[in-house]
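A.B. asks: We have chain S; now place chain E onto it with these hints.
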Amino acid sequence: QTGSITGKIVDETGQGLPGVSVQVKGLSKTSSTDVKGNFRITGVANGSATLTASYIGYRSVDMDIVVNGNTVANFSLKPDSQNLNEVVVIGYGTAQKKDLTGSITTVGAKEFQTGNITSPEQLIAGKVAGVSITSNGGAPGSGSTIRVRGGASLNASNDPLIVVDGVPFSSNLLPGAISSNVIAGVGNPLSLINPNDIETFTILKDANATAIYGSRASNGVILITTKKGKSGAPVINFSTVNSYATVAKKVNVLSAGQIRSYVNANGNADQKALLGTANTDWQDVIYNSAFSTDNNLSIAGTFKKVPYRFSAGYLDQNGLLRTDNLTRSSAALTLNPTFFDNHLKVDLNLKGTLSESRFANQDAVKAAIQFDPTQPVYANNQYGGYFEWIGSTGQLNPNAPRNPLGLIEQKTDLGKADRSFGNLRLDYSFHFLPELHLNANAGYDVSKGYGSVNIPAYAAQSFSTNGSATHYDAVQHNKLAEVYFNYAKDLKGINSNINATAGYGYYDNATTTYNFTSYNALGSVISNPVFPFDKQQNRLLSYYGRVVYTLADKYILSGTMRADGSSKFSEDNRWGYFPSAGFTWKAINESFLKESKVFSDLKLRLSYGITGQQDGIANYSYLSNYYNSTNEQQYYIGGQYYHFYTPLAYDRNLKWETSTTYNAGIDYGLFKGRVFGSVDVYYKKTKDLLSTVPIPVGTNFSNLLLTNVGNMENKGIEASVNIGLIKSDDVNWDMGFNVTYNKNKVTNLSLNPDPNYKIGAGDITGATGTTLKWNAAGYNPGSFYVYKQTYNANGAPLEGVYEDLNNDGVVNDQDRYFYKSPQPKVILGFTTSFNYKKWTLSTVLRGNLGNYIYDNVSSNLGVSRNVLSPAGLINNAATSLLTTNFVANQFLSDYYVRKASFLKMDNAGLAYDFGRISPNRATTLRFSANVQNVFVISSYKGIDPENALGIDYNLYPRPRTYSLGVNVGF
Amino acid sequence: CKKDLNLTPTNDLTSDVVYATPAGYKQVLAKVYASFATTSGLGSDKSDLGGIDAGTSDFIRLYWNAQELPTDEGLCVWNDPGVYDLNYLTFSADNIILRGLYTRSLYQITVANEFLRESTPEKLASRNITGSDATNIAAYRAEARFLRAYQYWVLMDLFGNPPILTEENTIGIVSPQQIKRADLFKYVESELLAIEPELLTLPEYGRASKGAADMLLSRLYLNAAVYTGTAKYTEAITYASKVIAGSYFLHTAYKNLFLADNDLNNHETIFAINYDGNNTQNYGGTTFIINASINGDMNPSSFGVPNGGWGGIHASSTLPAMFGTLPTKDQRYMFTGNKAANDDIGVFTDGLRITKFKNINQAGVTASSTNGTFTSVDFPLFRLPEAYLNYAEAVLRGGTGGTINDAVTYVNRLRHRAYGDDSGNVTALSLDDVLAEKAKEFYWEGYRRTDLIRFGKFTDASYLWPFKGGIKAGRAVDATRSIFPLPTADIIANTNLTQNPGY
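Chains as they are written, first to last, in this note's numbering: chain S, 1 to 970; chain E, 1 to 503.
Same shape as in the complex, but just chain S (with noise of 0.2 Å):
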């Protein structure tokens, strides 16, 4: 007599799983759930029977049934958070995550950060051992500085590689750019990805993951993989994050009464009369409390058996300066369809975006700290009606600040951007060789940025101008192919497997800017371009491959191999070949562990490789060439003006730099992977730095030249650790911790090494010219070098006394010494997430240790003659004038270098998941709140710790933001 099984499986939210394999143990009866999670075995004999359901990302559960007749058995699966069968995706290909051989994290949608995200880098902040994620400010829209185990250069571009399904984002550096990936009109490039559409993020760190990637993996690399359509009806989700942004701190500054009182005590009678009535508290004036909006709906289902997702996003988002606002609506299309029996795998992924910005005037940031708080907001003037200094015969006084809410009302800074990126990419699988597969991509990524600038002629910002009127125009388009073969096959007579990849890319990105004319608000031209357009082009020409030999499942050797040819160096230097070599032992599968009650995985991974660099470098550094001069650098002789040809300084022999990177790590999981994570200790030597460095004046166009000298290395080790602590049918309680530990240090910087050296790496702001943080062997990059300050007996500096450290008798530039840098010697991340039931409960939290900073706010107006001007205004100063009493400025005091070590609370959410809100329809429900940016510990009294470059000035605070959520599904 034989029975069936039915039933239904649901996953941890209650809801019906689809695609789930249910399975009779020990009988060849196998059956899959239907898109509701139902599935039915029929033709099984009565009696007892053990039911196996497995599902990629969740633990598979045993259950001992009775068959009798028609049964039911319903499951509610578990999501598990080792995924040791989820499929990762690699540098071309993909691998279950229990056989990668390299130092690999990947964060996936469920560990993603919350709230009100509207760039996708800030999804995995905290969240990976060894990666840290510096927002650049609080600005809407504005991007973040990325560091993968520190960072390997110095002049070259230390940003990770990031490539979005397959097409990696170009690094054209834009005249004028501060850091690759710019597009006019927008703050951050990345911006422009919705973040709802992400799927996970893979970070590739060691040399054997990243050297596939040769020349552009020194830094490592960032694979993000965007979410795909799915089989079965049509799932429609919508959800909308509205969220409101508040100033968390404002900058220490002194108020209205004290400015009154120091200027009555301290000033002469010209100051004391210059003294308003009014209190006004100019960082009120310029910050307002910011709302936005973040809409998104996507479908996926399967039409007519293509599976597809298509995903809509409108985001809406105001910025705490006021005027600050982005808006972004952005649609995405994936289509997966397969051909000829699953041999053809298609993969098209669409995407569009359109942003438009309005950048308030951060000039305002500056100047309400600095404008005087005695003064009113508006006045009867010729300026447009806000108060402004002037002088005595009725001019704007040149040396004073602007008024705060006039340069951001005066002020229209508008950017567009558009973009559109996408792929296709075919995996096909020989029919006579099913081994062996042929996988082709080609991409774009094509971008304009566009926008204007407007200040009206009577506006006090630029008044010597009569205001200005100008635009710009700029379009990327990057394009790339890639073909490669792989074959991967098992050798059961030698109980091996053999993974081959061998491939050729071609990669090609161009920016070209578009030069116009700039008028003054009058109409009267203030530039003429002397060319209409330039285009900045390079290419990049590849070979790659790699072999992954595995024996008996536990010991796998693997090997990459990449040939890079760019046209940034002549035909000399143009090749660099990246290779690496890792040894993986997985050690749960030998026999003596495989029984094991404690260990669930072990695995130890040694990997060496060397890995290149050669974005955020010129396009034609090596070339000979002249340039003509702008219109407004010409020369007068003989009655006209000439235009000039100037010769550019450059490096023939120009080549790669070259990272060799040396990599032990250990993967566990303990417990059936209830405590899982990796530590890893790796070791990465950089030499040939692309450097900017002097060279003997007189032999070339400059006296500095990027040329390849030079040595750095990076030491650390870093650590993970993820526990689910309480696993139960009600409460979940996961956490995750990394910490990471790294030693960043030029050690030669010089083509004649000599202790004296240095180079300049950052200047600071009110002192023209003065270089503040400096290159040199020895010392963190950008470390500061400074004079060491003399207190005295109450612990106040004693104005411009320092300590004469060579005991020459004169205290002058030799007495400076290195003192700190910005980079934290430690970096932590903690994630936890409590579940009751329906509810969520989960923070992220991060710390920096040992990273310092430089309070340029203070250096430059904690000063009584800041307050008291020369120039015949007040200004208002920060609040270390009243410990330091300084009258002039010491900028190059390490008494302003102040230890900036910080904990931060990034995230605080709680859901509540209706699941789904009747018994009957397919409809789910999902609440959720969120504050981000919660608190922050830190010694430091500045605005914000947190600091990328390590000099605080002028930083657009980043706001704390309450937010709530609604997610809908169908």
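One should not assume that every hint holds.
[Claimed, not checked] Dumping the calculated PhoX-like pairs for lysine-lysine here, alpha-carbon to alpha-carbon at most 20 Å:
| hint | chain 1 | residue 1 | chain 2 | residue 2 |
| --- | --- | --- | --- | --- |
| 1 | E | Lys3 | S | Lys535 |
| 2 | S | Lys687 | S | Lys745 |
| 3 | E | Lys3 | S | Lys479 |
[As the list claims (entries may be wrong)] A few chain S positions that, by computed beta-carbon distances, are all more than 12 Å from chain E:
| hint | residue |
| --- | --- |
| 4 | Asp11 |
| 5 | Gly137 |
| 6 | Lys304 |
| 7 | Ala442 |
| 8 | Tyr549 |
Just so you know, these hints were derived from the structure itself, not from any lab.
Where is the CB? At the ideal position from N, CA and C, for every residue including glycine.
C.D. replies: Frame of chain S, contents of chain E only:
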């Protein structure tokens, strides 16, 4: 496919294209000249050089700082890097202003060398440039050599023993050799003597003439004892006389020499660096001198810079004192302010302000300027009065070929113009008279340090001024301060260099 990797810039030019036409040669010659006036061809905030702020690092501004701040003429109140060490004569080899000046001088030499490499008769022939075009370019060559000789004079005078590079050196990173001051003297002398016949007597405005070479030769010989230990006063007289006998004559009004239209009807200035508020923008040069000499309270519009007034440089109390009892009829006295004493070195009003340069023309109209700050006043590198005073000084120092009577006559030409009549004329001259006359005639024009050194008054205690040696009363400094240090950065980069004594 691999050819795809050969990419070239859109708007930049290879040397083949640049030198294909005579016009291209002139545009490179324009660069050799423009290097004196601009920091880059890309904008006033860009620089050909690295490691120093663009706005502060054009040649004239740096040279002016080095020649004026360590002397009895002026002080700068800004706390910018390197400034106070120049005020105090306590500069070290890391001084950023000195590094900038050294670097810019050598950069200009490198640019001149490039022009010379590309303009040889053989290269011209190979590019089919012949006839009058070739003749013109031969004259450009002589000018490029003059400009290079001028910069080597600067390096010799200020830094003593710099590296030397000529068109024989190639572009790369091979360290050049150092040259001793006395050897450099011979080189500069030989270059100037060689090109003097080739330079045009009356070239286009803005280009160097034969008179410029004669003037520089006179200056070179006048200081020969400082540079080589051997005096050459006779030669100083010879070349001063050539200038005096040339086609130059004094402008009727001294003050007009420093106005925005000083390029017009000016037969006194022998060679000037040209600026324009729209077409040759720069934060140095006369833009610096005019804006830094006044502040916002001094009605910047009346100086032709309605949006300017940076409040930085002012007179040491010793400078106005040279004009004797006030009021003076000497129209060269152009000071304003209530307090001459330099009590607080950081206070702009503690010292008289100098109003010599103005961005307005003779008719009182402000010169056009993109932002109301950039100026159009050309900076005179050589003026005829230097020939008069060199002649006088060389005669007094025992040179032959001149007479004391002529010397007195020449000096009285200057004094007559200054006083508007003969009331200031002198009948006799001492060396100290000549030094004082030089200050009154040339203050704020970048001469003073060289003159004080030649007179032995720069370092010792025989002559003090405010903040000499870093104290208000002034004090002697080490004699080695007469030569600036070679910058540390280049000492490290170029292993052929030996630092000057005392640093």
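A.B. asks: Give a verdict on every hint.
C.D. replies: Right, here's what the structure says about each hint:
Restraint check: the Cα-Cα separation between Lys3(E) and Lys535(S) comes to about 19 Å, which is no more than 20 Å; the hinted pair holds. Taken as a hint, the Lys687(S) and Lys745(S) pair is honoured in the structure, with Cα atoms around 12 Å apart against an allowance of 20 Å. Between the alpha carbons of Lys3(E) and Lys479(S) the distance comes to roughly 17 Å, so the proposed pair stays at or under 20 Å and holds. Look at Asp11(S): its CB is around 50 Å from the nearest CB on chain E, clear of 12 Å, so calling it non-interface holds up.
Look at Gly137(S): its CB is around 23 Å from the nearest CB on chain E, clear of 12 Å, so calling it non-interface holds up. No Cβ of chain E approaches the Cβ of Lys304(S) within 12 Å, the least distance being about 40 Å, so the stated non-interface status holds. The Cβ of Ala442(S) sits about 16 Å from the closest Cβ of chain E, beyond the 12 Å cut-off, so the non-interface label holds. With a least beta-carbon separation of about 32 Å from chain E, Tyr549(S) lies farther than 12 Å from that chain, consistent with its non-interface assignment.
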